[in-house]
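Number of protein chains: 2
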Amino acid sequence: MRVQKNIPLNHVKVDDSFWSRIQKLVRETVIPYQLDVMEDKLPDVEKSHAVENFRIAAGEAEGEHYGWVFQDSDVAKWLEAVAYSLSACPDPELEVKADELIELIGRAQEPDGYLNTYFSIMYPERKWQNLHDAHELYCSGHMIEAAVAYYKATGKDVLLKIMRRNADLICNRFGNGDGKIRGIPGHQEIELALLQLYEITGEKAYLETATYFINERGKEPNYFQEEGKTRGWIMWSDGTEDGIYAQNHAPVREQDKAVGHSVRAVYMYTAMAALAAETNDTQLLTACNKLWDNITQKQMYVTGGVGSTVHGEAFSVDYDLPNATTYSETCASIAMCFFAKRMLEINPDGKYADILERMLYNTVLASMQRDGKRFFYVNPLEVIPGISGVVETHRHALPARPGWYACACCPPNVSRMLLSIGSYAWGESENTIFAHIFLGGTAELNIDGGVKIECESDYPDDCNIKYTISTKKDKAAFSFAIHIPVWCKNTRYTLNGKPQIAEIRNGYAYFTREWQTGDILEINADLPVLRIYSNLAVGGNAGQVCLQRGPVVYCFEEEDNKAPLAALRLPADSEITATKIADGALKGITALSAKGIRETGSNELYSEKPPKPEPITLKAIPYHTWANRGTGEMRVWIRE
Amino acid sequence: MRVQKNIPLNHVKVDDSFWSRIQKLVRETVIPYQLDVMEDKLPDVEKSHAVENFRIAAGEAEGEHYGWVFQDSDVAKWLEAVAYSLSACPDPELEVKADELIELIGRAQEPDGYLNTYFSIMYPERKWQNLHDAHELYCSGHMIEAAVAYYKATGKDVLLKIMRRNADLICNRFGNGDGKIRGIPGHQEIELALLQLYEITGEKAYLETATYFINERGKEPNYFQEEGKTRGWIMWSDGTEDGIYAQNHAPVREQDKAVGHSVRAVYMYTAMAALAAETNDTQLLTACNKLWDNITQKQMYVTGGVGSTVHGEAFSVDYDLPNATTYSETCASIAMCFFAKRMLEINPDGKYADILERMLYNTVLASMQRDGKRFFYVNPLEVIPGISGVVETHRHALPARPGWYACACCPPNVSRMLLSIGSYAWGESENTIFAHIFLGGTAELNIDGGVKIECESDYPDDCNIKYTISTKKDKAAFSFAIHIPVWCKNTRYTLNGKPQIAEIRNGYAYFTREWQTGDILEINADLPVLRIYSNLAVGGNAGQVCLQRGPVVYCFEEEDNKAPLAALRLPADSEITATKIADGALKGITALSAKGIRETGSNELYSEKPPKPEPITLKAIPYHTWANRGTGEMRVWIRE
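Keeping their order, the protein sequence lines are chains Z and A. Per my numbering: the first sequence = residues 649 to 1288. Per my numbering: the second sequence = residues 649 to 1288.
Everything labelled a hint here was simulated from the structure, so no lab data went into it. Don't take every hint at face value.
You can't tell identical chains apart in this list, so a pair holds if it fits in one copy or across any two.
Keeping only pairs whose Cα atoms sit at most 30 Å apart, straight-line, the calculated DSS-like set for lysine-lysine is [claimed, not checked]: (1) 1260 <-> 1243; (2) 1228 <-> 1257; (3) 828 <-> 1114; (4) 1257 <-> 1243; (5) 1260 <-> 745; (6) 1257 <-> 1267; (7) 999 <-> 1146.
Isolated chain Z (complex conformation):
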């Protein structure tokens, strides 16, 4: 049932006013910074030890494993990000470093293909005994993703061979067949990785084992409880939980509400969608759509944050979306991008692409400081210093980004996400080219003999998009389907300067014709500032409005608006003006301003005197730029 496939990253070049800056930052700053962290070269951040763990496992250094049992996955994500960087931008020096690291990983691998520094160093006798907590399959999954990406980027198969040996070990060990173990991963990830490995190798065992892991989940008897009975040692949990946390509460085709640990959940839904596409499994697709709708219509923040509770880093119940105490882990929004990409392969519908934009332009980008050296793990929509990050209920919702984390899943996940955006932007089927998101640069497609499309875009600053087509043959017959986000208004289309009426299907504008080199398709839309209202079932947002322009959700900071921000109001009839910031840390960013009201109340805790309104000018900045000018209050929703 796969309708289209996103195109490989090395067929896309990114060149526009928004993403080029970010990718340059990740390439030039974030990637070197994160390697320095992983090699323990920076004194003032959380210790990583991730590279040293491999050295010790390889027998080339002395010492104990340090860090989480999934510390290896930081290295894997970093390598994947490097692969994406090299796809776009050759960098021999960086490639040498990556190759050396890959060689080290190879030397840390055990002869049978096993690869996990924690168990190799600390507890070789405990391998594979605690799938619920021990993250061995999770780490394998991330390293497989890195291997696939590195192979695609460089053509080098050293890591791919390492990880095929590892994958073969896993496929031989786990499954329903004779002599196999009925295990499933505690943290899903291996499923989507094996599907990627299958996609480039064609090796059926990888597809079969991914299928097995997905199908086996939620079946009785509960594997985690079974393994707990014989193990005799505990890592974190005793395996007796109800299964909600790791989505093991019901077979996946029966799941219709997103529950439990949000990253586990959405990595699994991503794999389910990929498997549905691969095997035409309509039941699985139905479950994916129910889960998608539940997340995006009941459990998602306007910023794209998902997983609203710190307890288990998890989804909560429908409409439980607290702004200040949310979790909204960066990795969960990244996972939503993966899920969207896989759903788009099956059904190019704007509802997936809109969410993809919402994730990217808000929570994912907000997680990284504009200098590329500090990162949010948790992404609140309301911050009050002195409470946020301090009191127990808000301890996780920090008002400023740290340089690194003991549990550092998010920072390298952001790197790989931001460098791979090109592969999310474009897709093609036999007869249609899809532009899922506006992304300046070029894309090379295979359709009808080969087509190259150049895109000029300043999105999301404006929505004047110009596509210039080149065809290898004289003419190329195809539909060009361009996603028109719901926040683009009054959209106009011209082909070679002449107004066109688009055929709009599911949020995409389709133009079907014989194209030839030099054809220019232009899309012009307004990006008005939108007032967004929340469903009233989310009690904390009632009476409040949030501002959005294009995909960019705005927020109010103390820096511009003076605390307490709860005292501010934006009247329903206030005109909102968008202007570029002239200087300072946010130079070039489009800020919003409007006539607003500040209320000044009594100093008493409770008073019969109503607060007095005074006129002020309110200023809002993109949520993705918050906490770049010191620490202060911030809020997304403001009283109307």
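Based on the hints, put chain A in the right spot on chain Z.
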């Protein structure tokens, strides 16, 4: 520095339209119900075993101790409530039951005076080793309070003698003197109890040991850490914490912000105020006033709830007052009544008496269902079934009252509070009679040969209060000082029918003259419905209003207003009408109604469409009557 003393309970008779019903309910329903629970006669509630523990400790039954280490204190509070009941209303049958229980307690006491069923039964070798967790001094304190109350009510000294033996053991064991142990209680309570015991016995050792416990707190080296080093066993904590939880972080005279476990804290502040009054300790009084102001001006809900976080059942930081996830333990608001009473002894200022009313008429009363058989431990200001009591962040904030608790500190605490309100209402000094709260009935005072005051009152339904004076001598010269709460407006005074101008000092109306039998002082004030606004630093209340009439804070229930309540608005110019409910579970209760607005928004999670307003009639009921008509949404603050 004690200016006045509240008068003994048996000098007060309660007879009015509000409190008589409640006291009758507690006497006739709550007290028998709670004894049944403690004797394990009710099948459908949490097991108590509290009486059986005493039987086992006395050697009269077989078995193990069951329940918390402080299970004995439930029995103590029940006995104290019985004492207050007997003060007002002789009940030979109940008195026999209480006497039998007291005899049992005596038989459970060890020869040296030690009394604690948990340690006597389970771990006699571990006595006094873990003051931080083990609650031995806490249980003693509650049983001492019961003994004092029972002696005052009945003149019987059996329990008093038991508890003097216990108190003597404590006084001989703990202190700074030679051969004494430098211990302090983990849960404060013994301090205020020893001060009460001193007040009726005059035994200096009780005053000295109370003083010692108060002064020793917060001193280095940290006693809890010291005891933890030698003990070799752990109950809950290892004694290494920072001391905040049990207010052991600084000497008490240096404490100026309420922190840590709220009941521990306010029991201690109560004892500090009592000791300041007893010993003229101005430093201690200064600390009490700082702590009072911090609680009431920075950390208290409009309903009188204090201790806003579930983490440690504790105070949080200033202005961190979430409505839905609050803790607001019933016992903490009861403790605030104790604290207010002690502060009023030193300084009869309306600021204390107003808070006393706020506690009583809201959180304290709300904690008990109107049938007297179900109780709240936690008192939220906003409830959404499906989230409240369900998701981890709201697990403690139940939408309906349970019949009992494994940790049942609150229900018997409410009983003793509601039956002792008479002793909070009246006080006297050498030359002044104080009426701290309006309470119908009579009070007998000692002033100038003896004075009896009859009070007719339907407060808080209206504020038409009539005092009729009788003097034993022909004339009695005294000031009559009546607290006029801040929510009474346009207050008029008449003496024997003639308008008077009162001398108002610190929230009290003073009338100084020679009184004679038959003098009638009338107070008439309006009780308009007030719109109360919160300090804007409490972000969650911004833009919202709460309704209050007299001391009674109102709330909105789904039963009257349809969910979601977040969709409701009460325009600033809506007139609010007070009317009595004609029938049903809340018959006779004054409800409020006003023209309001219900917003209906999009079904989407986020939408560009603003919610549409439609006119409706809003209805509010007293917060103390919520959750008496089934389970539904409730909220105190409503958008204006």
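*Broken hints, numbered, in rising order?*
3 and 5
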